[in-house]
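Chemist: Listed below are the residues making up each chain.
Number of protein chains: 2
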Amino acid sequence: MATRNPRQAAEKRRQILDAAVVVFARQGFHTCRVSDIADEAGVAYGLVYHYFRSKDEVLDTLFLERWDVLLAAIREVDADASLAARDKLRAIASFIVESYRHDPDLMKVIIVEVTRAANSFGRRHLAKIREAYDLIAEIVAKAQASGEFSGAVTPAFAALAFYGAIEQVLTGWIFDLLPGAPEDYDQAKDFVVETICGGLDAA
Amino acid sequence: MATRNPRQAAEKRRQILDAAVVVFARQGFHTCRVSDIADEAGVAYGLVYHYFRSKDEVLDTLFLERWDVLLAAIREVDADASLAARDKLRAIASFIVESYRHDPDLMKVIIVEVTRAANSFGRRHLAKIREAYDLIAEIVAKAQASGEFSGAVTPAFAALAFYGAIEQVLTGWIFDLLPGAPEDYDQAKDFVVETICGGLDAA
DNA sequence: GGCGAGATTGACTCGCCAGTCAATCTGGGA
DNA sequence: TCCCAGATTGACTGGCGAGTCAATCTCGCC
Numbered sequence: 001m002a003t004r005n006p007r008q009a010a011e012k013r014r015q016i017l018d019a020a021v022v023v024f025a026r027q028g029f030h031t032c033r034v035s036d037i038a039d040e041a042g043v044a045y046g047l048v049y050h051y052f053r054s055k056d057e058v059l060d061t062l063f064l065e066r067w068d069v070l071l072a073a074i075r076e077v078d079a080d081a082s083l084a085a086r087d088k089l090r091a092i093a094s095f096i097v098e099s100y101r102h103d104p105d106l107m108k109v110i111i112v113e114v115t116r117a118a119n120s121f122g123r124r125h126l127a128k129i130r131e132a133y134d135l136i137a138e139i140v141a142k143a144q145a146s147g148e149f150s151g152a153v154t155p156a157f158a159a160l161a162f163y164g165a166i167e168q169v170l171t172g173w174i175f176d177l178l179p180g181a182p183e184d185y186d187q188a189k190d191f192v193v194e195t196i197c198g199g200l201d202a203a
Numbered sequence: 204m205a206t207r208n209p210r211q212a213a214e215k216r217r218q219i220l221d222a223a224v225v226v227f228a229r230q231g232f233h234t235c236r237v238s239d240i241a242d243e244a245g246v247a248y249g250l251v252y253h254y255f256r257s258k259d260e261v262l263d264t265l266f267l268e269r270w271d272v273l274l275a276a277i278r279e280v281d282a283d284a285s286l287a288a289r290d291k292l293r294a295i296a297s298f299i300v301e302s303y304r305h306d307p308d309l310m311k312v313i314i315v316e317v318t319r320a321a322n323s324f325g326r327r328h329l330a331k332i333r334e335a336y337d338l339i340a341e342i343v344a345k346a347q348a349s350g351e352f353s354g355a356v357t358p359a360f361a362a363l364a365f366y367g368a369i370e371q372v373l374t375g376w377i378f379d380l381l382p383g384a385p386e387d388y389d390q391a392k393d394f395v396v397e398t399i400c401g402g403l404d405a406a
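Chains as they are written, first to last, in the working numbering: chain A, 1 to 203; chain B, 204 to 406.
Hints listed in this document are in silico derivations from the structure and should not be mistaken for laboratory results. Glycine is no exception: its CB is placed at the ideal position from the N, C-alpha and C atoms. Careful: at least some of the hints might be erroneous.
What the hints assert, rightly or not - Sample of chain A residues lacking proximity to chain B, with all beta carbon distances greater than 12 Å (derived):
#, residue
1, R53
2, E65
3, V69
4, L71
Stated by the list, open to error - To be clear about the criterion: a stretch of chain A counts as covered by chain B if any three or more of its residues have a C-beta under 8 Å from a C-beta of chain B, and this derived list gives those stretches:
#, region
5, 151-157
6, 185-197
Unchecked claim - List of simulated lysine to aspartate or glutamate pairs, DMTMM-like, C-alpha gap at most 20 Å:
#, chain 1, residue 1, chain 2, residue 2
7, A, K55, A, D18
8, B, K258, B, D308
9, B, K331, A, D176
10, A, K128, B, D379
11, A, K12, A, D36
12, B, K215, B, E268
Kindly produce the complete structure, drawing on both the sequences and the hints.
Modeler: Shown next as structure tokens:
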């Protein structure tokens, strides 16, 4: 075989994906040109099309890669029977916030260009996004059955409110609507859980 | 003056705006062509540019018109000293849900194309959108000062969670993630307030 | 009845950029 | 050393659609 080391090919592909994250985060998916990605990656224009069928596929890849990690994390949390529902939600909130802390550009791209892009990409990945809602709803449903949560609200609704609150906070950080210092990250995890589980009402 | 009845000009303009709502809701802002708007309005292509400087300005106009109504509604609710904070939030949730019931296409366009379009239009109108968050945060802050709400969470955070929950529910209706029958609309108002104020925890 | 300001028309221009492709390079195997 | 599959290059094309503009129409006024 005359194929170059397949490791190197994978690295080039990765290099393009990483460059895409930077460019998408900086300029937005629709505003940037494919040549911007190639330039950022230090690679010729055409090579992007050697590794990906289209500009769309680059973003799809970034999203699916990361979202599958998120889904796996939620499933793992849910499987831990020793955790109360409140702690499970805490763990999920924590995972998402830590994802943002670890790679804010990637999370920005996923939220801004996919999750919140209800037309273009959000619509295409609706089923995938919905999986996360459903998993969270399942946790709520079990907690309601066991009496840990009240049954005043449907699980589907609770899941939407929970996920919506987290996403809104990340969006707040992304667009400087909310202070985003390191200590705010940890506080946010508590705030989300406290608000959704405990409510705003005085005790 | 040789100007045609200014009433008729205003009506033509309105006609174009209404057509734009239909087209944007159906096809999305980026996917539709200006000629689609003109066709839907039963008007020549060029006339759109007689009344609006650009395609963007059409959407800007739709958003600002409606958002100002929302801001006015929130201010009015807030000004009513006889209302508890919980009731104020209930009234705001109700107003938004009723807006959706009354004109789902318009609300879809505003949410999908502006409010959640964090890059393009969402960014342009960030300050305007933020006004709503700030108004809600103010209500929370006063309730915390009076002891109605606990101080466990910052007002800015509570406002984001509250607004995020409502928007997520509307998004759920828009994309059929959540049942959207008439009775669900009224239930949703209670759910949002119940979740944010009362929390999921069993009493 | 005829004038003219503004309304209305729609064919056309023009820039942009995703995607193509033929040419060139490179490195591992024989 | 030579060969060639696959990697890499970047100039080029093709289509699309926003915005322009000169021509035409319409209606209120004198």
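Chemist: Each hint should be assessed against the structure and marked as holding or not.
Modeler: Now the hints, each set against the structure:
Every CB of chain B is more than 12 Å from the CB of R53/A (nearest about 20 Å), matching its label as outside the interface. Every CB of chain B is more than 12 Å from the CB of E65/A (nearest about 21 Å), matching its label as outside the interface. Every CB of chain B lies more than 12 Å from the CB of V69/A, the least distance being 22 Å, so the non-interface label holds. Its beta-carbon lying about 16 Å from the closest one in chain B, L71/A satisfies the requirement of being farther than 12 Å from that chain.
Requiring three or more residues with a Cβ within less than 8 Å of a Cβ of chain B, the coverage given for the region 151-157 of chain A holds, as 5 such residues are present. A count of 7 residues in the region 185-197 of chain A with a Cβ less than 8 Å from any Cβ of chain B is obtained; the coverage claim is therefore met, three being the minimum. Taking the CA atoms of K55/A and D18/A, the gap is near 14 Å; set against the 20 Å cutoff, the hint holds. With a C-alpha separation of about 18 Å, the suggested pair K258/B and D308/B falls inside the 20 Å cut-off, and the hint holds.
Between K331/B and D176/A the CA atoms are separated by roughly 14 Å; this keeps the pair inside 20 Å, and the hint holds. With a C-alpha separation of about 14 Å, the suggested pairing of K128/A with D379/B holds against the 20 Å cut-off. As the CA atoms of K12/A and D36/A are separated by approximately 16 Å, the hinted pair is consistent with the 20 Å bound. Taking the CA atoms of K215/B and E268/B, the gap is near 17 Å; set against the 20 Å cutoff, the hint holds.
Every hint, counting from the list given before, is met by this structure.
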